[in-house]
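For the sequence shown, the numbering used here assigns the number -8 to the initial residue and increments by one for each residue that follows.
Mixed in with the good hints there might be a few duds.
Taking lysine-lysine pairs in the DSSO-like style, the calculated list, with each CA pair at most 30 Å apart, reads [claimed, not checked]:
(1) K494 - K475
(2) K454 - K397
(3) K288 - K363
(4) K363 - K341
(5) K363 - K337
(6) K430 - K363
(7) K363 - K374
(8) K285 - K95
(9) K337 - K40
(10) K95 - K40
(11) K(-2) - K40
(12) K288 - K374
(13) K374 - K494
(14) K430 - K475
(15) K40 - K372
(16) K337 - K282
(17) K287 - K193
(18) K374 - K285
(19) K285 - K397
(20) K363 - K140
(21) K341 - K95
(22) K475 - K454
(23) K285 - K363
(24) K504 - K374
(25) K40 - K454
(26) K372 - K288
(27) K40 - K341
DEER-style ranges, computed between Cβ atoms [to be verified]:
(28) D313 - F352: 16 to 24 Å
(29) L349 - S453: 51 to 59 Å
(30) I215 - S382: 16 to 24 Å
(31) S367 - S453: 49 to 57 Å
(32) I267 - I215: 47 to 55 Å
(33) I476 - L37: 31 to 39 Å
(34) I346 - S453: 39 to 47 Å
Derived by calculation from the structure, the hints in this document are not laboratory data.
Computed from a prediction, not measured in an experiment: that's the story for all the values here.
Even for Gly, the Cβ is constructed at its ideal location relative to N, Cα and C.
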Amino acid sequence: MGINNIKYWLYALFTIGLLKALFFSHIGLNLMFDDNQEYLHGRLILEGKLIYRDFHSFFPPFADYHTSLTLLFTENILILRYIHSFIFAFLPPLIFLLGRYISKSAPLSFLAALLIIFGPNRPDKYFLFTFLLLSFLLVFQALRSERYKYVFLTLSGCLYSIILLFRYDLTVYYVIASCFLVLMHNFQKRENFRNFLLSSAKYLVVLLLPVVLVIGILLFWSFINNNLNNLIQSIVIVAIGSNYHSSVNLLTLGNLFPSEISPQSVNSAFEGWLYIYILSIAGLLIYFLFKTFKIKKIEDRVAGAMIVPFLLAIPYILPRMDTGHLFKGSMSILVLLPFVLSRSGKVLRKWFVFITILVLFAFIARSYNWTKFNDSYVDFKRKGSVFMNSSYTQASTRISSDTYLKAVDFLSSSRQQYVFAAPYMGSLYYFSDKNPPVKYSNLLVGYTEAGAEDYIIEGIESKDVERIIYDPDGGPNRDIGGAKIIYPKLNSYLLSNFEISFKSREGWLFLLKPN
């Protein structure tokens, strides 16, 4: 295979990315709020409920509405994962194309694309980055094409406006990066400052007009449905509230070199070293930009623009230093890895390539371990089948498949349509074909407003809820005491008014309303 025969590199990356994403789409069922709760929301939408007003979501409308469209044809959760996997498969080729252009090296670009493929356990969850990078590349192409520049800018703006309805924060980061690229392009072509302002204004108006229109439509839709306050609250919660009780996992020697070997300590050490690796790429990138940046070089302008999403995402990464958030926040840095390696000296490049290959093999080993950990085949009948973990991992949100199936059966047996699951079990509603009694289907600190306990208790009583799954000690907030400490009034109400029919090994309480 000739090194300049690009199509074979692209075919290989697409195939590897698709196979990895499809295979791992069958593995794992995260109980946290941002995975699988969209199926509950999609069903509520089909029942005529309105997002934000009738049920709470922390994401823009399309995050739930595209799920409802899927549910029109099938309830199988794997179908949406397959669709997302196919979309994700285009991301590695896009990374390769951009990396090769700014580094002139196909092997280095191929290596960077492989990191993106094998880094996440579930690549399908990163499908939006395909559209984000494509939008950025359209702006890049617009600045290289005098004849079709406004066509490419319009296409990019339209694509950004659609992605904005799936994810606010990351989309805004890449829109800002695109604007920065436009400004640098016009600055280096300027005849005078007035010419720079006028040309930049034309480019930015064309790029941002679709985005502004979509934001206006969303605000108008929320206003006429008496939903504007809830929409704004949701945006603020995502930007600020999600970090409310999170803490930075400091890069201590104890974390990086654990004294006791356990799945948690090994994973924590891996994430710490991965964080150092990503920071090293960012540090070298900043150094090379300061040392060798030339605005006349388009590859320098692209690198200068693509670092912007990473810098803006630092507050998003720091409070939740896990692999998922690291990848989402630092995707643009990993995309620029070929640029960093191409600017490095011969010795530094060899060492960094060696370290990158080690990281890649660590990702592959981690993926293999993920398949071994999720060893239990769980069939939800018409709603799909996945592999879950049969064991209980102490001090984590990983619940055994046996406990999860018991919880689904327990809630499904309720004579009422309304059940309650707390604090972080949104998918239970979907698999049990039941609805939450209140707007807040998950109790996570930072996601509920003042008075939430009274509101939830009133909802449980008014809907005559008779079956509840409650985890008083575990969950995402276990380090600060769990739900029983955060919501003492609700905890007292549940334990006083319901009987414990079963307690799982993870500490889940199966509560029944006395006759």
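inquiry  = Run through the hints listed earlier and report the numbers of any the structure violates, in increasing order.
reply    = Per hint list: 3, 4, 5, 6, 9, 10, 11, 12, 18, 19, 20, 23, 26, 27, 30, 31 and 34 violated.
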